[in-house]
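Colleague: Taken in sequence, the protein lines are chains A and B. Residue 66 in our numbering is what sits at position 66 of the first sequence, and the numbering runs on without skipping anything. Residue 3 in our numbering is what sits at position 3 of the second sequence, and the numbering runs on without skipping anything.
If you're looking for bench data, these hints aren't it; they were derived computationally from the structure. Any given hint could turn out to be false.
What the hints assert, rightly or not - 30 Å max Cα-Cα, derived DSSO-like pairs, lysine-lysine:
id : chain 1 : residue 1 : chain 2 : residue 2
1  : A       : 30        : A       : 102
2  : B       : 70        : B       : 16
3  : A       : 13        : B       : 113
4  : A       : 13        : A       : 52
5  : B       : 73        : B       : 3
6  : B       : 16        : A       : 52
7  : A       : 30        : B       : 3
8  : B       : 73        : A       : 13
9  : A       : 102       : A       : 52
10 : B       : 16        : B       : 113
11 : B       : 3         : B       : 70
12 : B       : 73        : B       : 16
13 : A       : 52        : A       : 30
14 : A       : 30        : B       : 16
15 : B       : 73        : A       : 52
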Amino acid sequence: DAGVTQSPTHLIKTRGQQVTLRCSPISGHKSVSWYQQVLGQGPQFIFQYYEKEERGRGNFPDRFSARQFPNYSSELNVNALLLGDSALYLCASSFFNGLNEKLFFGSGTQLSVL
Amino acid sequence: AQKITQTQPGMFVQEKEAVTLDCTYDTSDPSYGLFWYKQPSSGEMIFLIYQGSYDQQNATEGRYSLNFQKARKSANLVISASQLGDSAMYFCAMRVNAGNMLTFGGGTRLMVKP
């Protein structure tokens with residue numbers, strides 16, 4: 001079975017541009033979360049969607065937005081890119097939304113903002 | 001607010017020996033879950049082990065075990081019989097209630113020497 005897939009794997013943008021990152025969860029998984037991992041740090045929570053509804057938002061500016069589609073895939077959009085947005089963006093999926101629910105992560109999209 | 005602290009930025013271990021990676025956490029929520037993830041250079045976060053706050057026994061998964069000391073708010077990962085393939089970043093993470101986000105520590109880089 002396919003794991004969590006993310007596209008593209010690498011992306012180079014310039015300041016002020018907009019970017020869209022895509023994620024396909026494991027088949028049957030209804031929850032998708034997005035994390036930002038700056039080099040040398042642990043991942044930080046950006047968004048979670050469950051059954052196509054936003055269930056949580058981390059401490060990120062409104063330039064960050066996301067959505068989940070009927071097939072449970074998800075997109076993360078970042079507008080007006082800043083140099084500080086350069087990071088590995090990880091998508092994770094799970095079947096439910098429970099306390100002990102482990103997240104399955106993709107390999108991430110490496111975004112470089114020049 | 002929840003916080004995870006990993007005080008060891010990097011560690012070396014000899015192949016076939018055991019190693020302990022430290023993790024302390026802080027939360028006022030009585031119901032929480034603790035996770036350990038491995039992140040190889042490929043970027044994907046790989047789930048290793050889970051411990052619930054109400055679990056009486058320490059969790060074990062193959063060569064991985066979690067030394068859970070609730071009163072000290074610590075959840076150290078023990079890897080037995082280290083292998084070269086264990087060289088990677090290791091992250092401790094926590095989720096409270098049925099909340100949707102994982103809070104990650106800063107990680108520990110483990111290097112296994114042949």
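Colleague: Hint compliance check: list the failing hint numbers for this structure, sorted ascending.
Modeller: As far as the earlier hints go, 3, 6, 8, 14, 15 are violated by this structure, in ascending order.
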